[in-house]
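**Student:** The task is simple: from the sequences and hints, build the whole structure.
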Amino acid sequence: MKSEEQKIKDARRGPLAPFPNQKSEAAEPPKTPPSSCDSTNAAITKQALKKPIKGKQAPRKKAQGKTQQNRKLTDFYPVRRSSRKSKAELQSEERKRIDELIESGKEEGMKIDLIDGKGRGVIATKQFSRGDFVVEYHGDLIEITDAKKREALYAQDPSTGCYMYYFQYLSKTYCVDATRETNRLGRLINHSKCGNCQTKLHDIDGVPHLILIASRDIAAGEELLYDYGDRSKASIEAHPWLKH
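Mapping to my numbering: the sequence shown position 170 is 170, numbers consecutive.
Check before you lean on any hint, since a few could be wrong.
Here are the simulated DSS-like cross-link-like pairs (lysine-lysine), alpha carbons at most 27 Å apart as the crow flies [unchecked claim]:
hint, residue 1, residue 2
1, K96, K126
2, K200, K148
3, K96, K111
4, K200, K149
5, K96, K193
6, K148, K193
7, K126, K87
8, K172, K200
9, K87, K200
10, K96, K200
11, K149, K172
12, K126, K172
13, K193, K118
14, K172, K148
15, K126, K200
16, K200, K111
17, K85, K200
18, K85, K126
19, K96, K106
20, K118, K106
21, K172, K111
22, K193, K172
23, K87, K118
24, K111, K126
Label pairs and their in silico Cβ distance ranges [to be verified]:
hint, residue 1, residue 2, range
25, E222, P78, 42 to 52 Å
26, S104, S129, 17 to 27 Å
27, S92, A152, 37 to 47 Å
28, S92, D157, 41 to 51 Å
Just so you know, these hints were derived from the structure itself, not from any lab.
Remember, it's a predicted structure, so these values are computed and weren't measured experimentally.
All residues carry an ideal CB built from backbone N, CA and C; glycine is no exception.
**Tutor:** Below, the structure is given as structure tokens:
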């Protein structure tokens, strides 16, 4: 039988408290073999703990048709090409225009008039801008040997005017002889050291042509003038107006 002291201790311990040497069966759940699902979940959980999965958004489904992000700027604004021509294009067009005028013999924007103290001269009937083609100095294109022969022949007649123009082309001396009377106006343009035109070479298929271009803006009504460039003593004695 238990002593009174042992009974008092048992009462203080309570009915649910196990004895010190007694194992509590309720504290340990029954062991059951893990199912296949539990083992799989455990493996996944273990793998997730070892290597965390980076947060990636699920791929979006492609929208049917053309999206706004893929639209080009040209879908909203049509392509506009510049109508401005380059400097090279403008020069090429001007060269072709001069070729046509030379080959056709057209002489526009000028007329023959009588000038006091000079005789015949050429007056502008339209405005020419600086650099514009004015007219060709048209005549017979000959080499220097033939030109000297003609010049000696013309010197025998004092009434023969000065219509021979010498120039260099590809290291060779040529002459445009416009002495023969024609209806071309370039040969009638008078001399002046302060002219409003200047000579320029213009070749067509390798053949040089002597042309006159505006050295400054020319107003309608002005006489067309250019410097003949002949400063030789013999020429000035024969044609004193070359001094001016």
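**Student:** Does each hint hold? Answer for all of them.
**Tutor:** Hint-by-hint comparison with the structure:
For a cut-off of 27 Å, the pair hint linking K96 to K126 stands: about 21 Å separates their Cα positions. Distance check on the hinted pair: K200 and K148 sit about 22 Å apart at the alpha-carbon level, within 27 Å; holds. Distance restraint check for K96 and K111: the Cα-Cα separation of roughly 24 Å lies within the 27 Å cut-off, and the hinted pair is therefore satisfied. Straight-line distance between C-alpha atoms of K200 and K149 comes to about 25 Å, which keeps the hinted pair within the 27 Å bound.
Of the supplied pair hints, the one linking K96 and K193 is violated, its CA atoms being roughly 31 Å apart against a limit of 27 Å. Of the supplied pair hints, the one linking K148 and K193 holds, its CA atoms being roughly 25 Å apart against a limit of 27 Å. In summary, the hint linking K126 to K87 is supported, as the alpha carbons are separated by about 25 Å, within the 27 Å threshold. Under the criterion of a C-alpha separation no larger than 27 Å, the hint pairing K172 with K200 is consistent with the structure, at around 16 Å.
Annotation: proposed proximity of K87 to K200 holds, straight-line Cα distance about 20 Å (limit 27 Å). For the proposed pair K96 and K200, the alpha carbon gap of about 16 Å is at most 27 Å, so the pair holds. Restraint check: the Cα-Cα separation between K149 and K172 comes to about 17 Å, which is no more than 27 Å; the hinted pair holds. Of the supplied pair hints, the one linking K126 and K172 is violated, its CA atoms being roughly 36 Å apart against a limit of 27 Å.
Restraint check: the Cα-Cα separation between K193 and K118 comes to about 15 Å, which is no more than 27 Å; the hinted pair holds. A threshold of 27 Å between alpha carbons decides the hint, and for K172 with K148 the separation of about 15 Å falls inside it, so the pair holds. Restraint check for K126 and K200: the C-alpha separation of about 21 Å stays at or below 27 Å, so the hint holds. Between K200 and K111 the alpha-carbon distance is near 21 Å, which keeps this suggested pair within the 27 Å criterion.
Of the pairs offered as hints, the one joining K85 and K200 holds, with about 25 Å between alpha carbons and a cut-off of 27 Å not exceeded. The hinted pair formed by K85 and K126 meets the criterion: a straight-line CA distance of about 26 Å does not exceed 27 Å. Restraint check for K96 and K106: the C-alpha separation of about 14 Å stays at or below 27 Å, so the hint holds. A hinted pair counts as satisfied when its Cα atoms are at most 27 Å apart, and K118 with K106 qualifies at roughly 25 Å.
Using a Cα cut-off of 27 Å, the hinted pair K172 and K111 is violated, with the two alpha carbons roughly 34 Å apart. Taking the CA atoms of K193 and K172, the gap is about 26 Å. The hint holds against a cut of 27 Å. Between K87 and K118 the alpha-carbon distance is near 41 Å, which puts this suggested pair outside the 27 Å criterion. Between the alpha carbons of K111 and K126 the distance comes to roughly 10 Å, so the proposed pair stays at or under 27 Å and holds.
The supplied range of 42 to 52 Å is met by E222 and P78, whose beta-carbon atoms lie about 48 Å from each other. The beta-carbon spacing between S104 and S129, approximately 22 Å, falls within the hinted interval of 17 to 27 Å. Here the CB-CB span from S92 to A152 is close to 43 Å, well matched to the stated 37 to 47 Å. Checked against the hint of 41 to 51 Å, the pair S92 and D157 passes, with Cβ atoms roughly 45 Å apart.
Checked against the numbered hints above, the structure breaks hints 5, 12, 21, 23 and satisfies the rest.
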